[in-house]
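Colleague: Chain by chain, the residues:
Number of protein chains: 2
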Amino acid sequence: MEGHPMDSVCDCSQCELRKAFFDSFSDEDLGDICRNKTEFPFLRGETIFREGDLIRYFSYLKSGLVKLFKTDPAGKDQIITIAGPYDFVSLLGVFSDTHQSYSVSVLEDAVLCCIDIERMREIALRNARFSMNLMERMGAVSNKIIREGLEIRKRNTHGKVAYILLKFCKDIYGECIFDLPVSRREIAENIGMTTENVIRTLSELRKEKVIRINGKEIEVVDPAALERISNYG
Amino acid sequence: MEGHPMDSVCDCSQCELRKAFFDSFSDEDLGDICRNKTEFPFLRGETIFREGDLIRYFSYLKSGLVKLFKTDPAGKDQIITIAGPYDFVSLLGVFSDTHQSYSVSVLEDAVLCCIDIERMREIALRNARFSMNLMERMGAVSNKIIREGLEIRKRNTHGKVAYILLKFCKDIYGECIFDLPVSRREIAENIGMTTENVIRTLSELRKEKVIRINGKEIEVVDPAALERISNYG
DNA sequence: GAAGACCTATGACATTTATCATAATATGAC
DNA sequence: GTCATATTATGATAAATGTCATAGGTCTTC
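Here the protein sequences line up with chains Y and R, keeping their order.
Every letter in the first sequence is one number past the one before it in my numbering, and letter 50, counting from 1, is 50.
Every letter in the second sequence is one number past the one before it in my numbering, and letter 142, counting from 1, is 142.
Wrong hints could be hidden among the right ones.
Just so you know, same-sequence chains aren't split out, so a pair can sit in one copy or run between any two.
Here are the simulated DMTMM-like cross-link-like pairs (lysine to aspartate or glutamate), alpha carbons at most 25 Å apart as the crow flies [said to hold, decoys possible]: (1) Lys154 x Asp87; (2) Lys170 x Asp97; (3) Lys154 x Glu51; (4) Lys19 x Glu118; (5) Lys167 x Glu151; (6) Lys154 x Glu196; (7) Lys154 x Asp77; (8) Lys154 x Asp53; (9) Lys167 x Asp97; (10) Lys70 x Glu227; (11) Lys76 x Glu151; (12) Lys76 x Glu227; (13) Lys170 x Asp72; (14) Lys170 x Glu204.
Calculated from the structure, these hints are not laboratory results.
Go ahead and model the full structure; you've got the sequences and the hints to work with.
Modeller: And the structure:
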C-alpha cells in the first residue's frame with residue numbers, strides 16, 4: 001500500500017458512511033475504531049494495492065473513484081468494476097484470504113479509510129450485529145459486481161458501450177454531462193472489447209446524435225435512445 | 001419452493017458440510033439447527049425457487065447439481081453459474097434482501113438443506129464466530145462467481161467452450177469422461193453465445209480430436225490441448 | 001522544445017460470430 | 001405407438017467484431 005497517512009481529523013461518529021458499517025457499534029467500539037483507523041489519501045493514477053499483496057487492512061473508500069482489476073500473465077489488464085464510496089469495501093475474502101485477489105488503483109483522488117484487519121476481526125467476533133452489517137454491506141457490493149458482469153456479458157458492443165455510459169451518467173455522476181475518468185482502453189478492458197471498437201462505437205453514437213464528445217467530456221444528449229441501445233444490444 | 005420435506009434422518013453432527021458452516025456451533029446450537037432444519041429432495045428439472053420469490057430459508061446444497069439463472073423480460077434465460085454442494089449456498093443477500101434475485105433449478109437430483117431464515121439470523125446474532133464462518137463461506141461462493149464471470153468475459157467462443165468443458169471435467173466431475181448435465185442451449189446461456197455456435201464449436205473440437213462426443217457424453221481426449229484452447233482463446 | 005510514449009481516431013480488411021434455413025434424432029405427452 | 005416438441009447438427013450467408021496500418025493530438029520527461 002502506497003500513500004501516506006493523513007492527519008486523522010475525521011470523527012467516526014460524524015462519518016457519512018457510518019450507517020453502512022458501524023451503526024451497531026457501541027460508543028466504545030466506535031471510539032476504538034476511530035482512534036485506530038488510518039486514512040490514506042491517494043492521487044489519481046496511484047495504486048492502492050496489487051493482486052497478491054498481503055491483506056493488512058480492512059478498507060473502504062470514503063471519497064473518490066477507483067478501478068478494481070486483474071492483470072493476466074501477458075500483462076493485459078481486465079477491469080472488474082469501477083467503484084465509488086459506497087461500492088468499494090474490502091470484498092468478502094478479507095477475513096479468509098491472506099492476499100488480495102485483484103488490484104485497485106485510483107481514477108479520481110480518493111481517501112481510503114483503513115482499519116487493521118486483526119482489530120477488525122476481533123471486533124467482529126464480539127459484535128455479531130456488526131458482523132451481520134458487514135456481511136450485508138459486503139454482500140451488496142459482491143452482488144452488484146455479479147449483476148454488472150451478467151449485464152455486460154449479454155450485450156453486443158453497442159449495448160455494452162451504452163450500458164457503461166449510462167453507468168457513468170446515472171450511477172457515478174448523476175448527470176448527463178461528465179468527464180470520463182477512464183481512457184477508451186480502460187473502457188475496453190472493463191466491458192471486454194477492443195479499444196478501436198470502443199472508439200468507433202462512441203463515434204457512431206456521436207454521429208447518431210445520442211452523445212456529444214469533447215475529448216474526455218461526454219454529454220448524453222438523448223438518454224432515452226441510449227437506454228434503448230443499452231437494452232436492445 | 002416446491003418439493004416435499006423428506007424424513008430428516010440426517011444427523012447434523014455427521015454432516016460432511018458441517019465444517020463449512022457449523023464448525024463453531026455449540027452442541028446446543030447444532031442440536032437446535034438439526035431439529036429445525038428441513039431437507040427437501042428435488043428431481044432433475046424441478047425449480048427450487050424463482051427470481052422474485054420471498055426468501056424464507058437459509059439454504060445450502062447437500063448433494064446434486066443446480067443452475068442459477070435470471071430470466072429477461074423476453075423470456076430468455078441467462079445462466080449465472082452451475083453449482084454443486086460446496087458451491088451453492090444462499091448468497092449474501094439472504095439476510096438483507098427479502099426476495100430472491102435469481103432462480104435456481106435442478107440439473108442433477110439434489111437435496112437442499114433449509115433452515116428458517118429467522119432462526120438462522122437469530123443464531124448468527126448471538127454467535128459471532130458463526131457469522132464469520134458464514135461470511136467466509138458465502139464470500140467464497142460470491143468470489144468464485146465473480147472470477148468465473150471474468151474468465152468467460154475475456155475469452156472468444158472456442159476459449160469459452162473449452163473453459164466450461166474443463167470446469168465440468170476438473171471442478172464438477174473430476175474425470176475426463178462425463179455426461180453433460182445441460183443442453184447445448186444451456187451452455188450457450190451460461191457463456192453468452194448462440195446455441196448453434198456452441199454445437200459448432202463442440203463439433204470442431206471433436207474433429208480436432210480434442211474431445212469425443214456421444215450425445216450427452218463427453219470425453220476429453222486431449223486435456224492439454226483443451227487447456228491451451230481455453231487459455232489462448 | 002524535442003523526443004518518446006500514449007491516446008484518440010479512422011479506414012481497409014480478415015476473421016469471428018450471429019442469423020436463417022433445413023433436417024435428422026431424441027424426448028416427452030397422450 | 002404416434003404425434004408434437006425440443007435438441008442436435010450442419011450449411012449458407014449476413015452482420016459484427018477484431019486486426020493491422022496510419023496519423024494527428026496530447027502529455028510527460030529530459
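Colleague: So, for every hint listed, does it hold in this structure?
Modeller: To see whether the hints hold, each was checked on the structure:
1. Lys154 x Asp87: Answer is both; intra-copy 22 Å and inter-copy 23 Å each pass.
2. Lys170 x Asp97: Result: close only across copies, 23 Å inter versus 33 Å intra.
3. Lys154 x Glu51: Close across copies (18 Å), not inside one copy (27 Å); limit 25 Å.
4. Lys19 x Glu118: both (22 Å within a copy, 23 Å between copies)
5. Lys167 x Glu151: Both. Shortest intra-copy (11 Å) and inter-copy (22 Å) distances satisfy the 25 Å Cα cut-off.
6. Lys154 x Glu196: both (20 Å within a copy, 16 Å between copies)
7. Lys154 x Asp77: both (21 Å within a copy, 10 Å between copies)
8. Lys154 x Asp53: This pair counts as between: shortest inter-copy Cα distance 24 Å, intra-copy 33 Å.
9. Lys167 x Asp97: Cα proximity of Lys167 and Asp97: across copies only (23 Å, versus 30 Å in one copy).
10. Lys70 x Glu227: For Lys70 and Glu227, the Cα distance is within 25 Å only across copies (20 Å; inside one copy 29 Å).
11. Lys76 x Glu151: For Lys76 and Glu151, both the intra-copy (22 Å) and inter-copy (13 Å) Cα distances are at most 25 Å.
12. Lys76 x Glu227: between (30 Å within a copy, 19 Å between copies)
13. Lys170 x Asp72: between (31 Å within a copy, 21 Å between copies)
14. Lys170 x Glu204: Answer is within: at 21 Å inside a copy they meet the 25 Å cutoff, but 43 Å across does not.
Of the hints listed earlier, there is not a single one the structure fails to meet.
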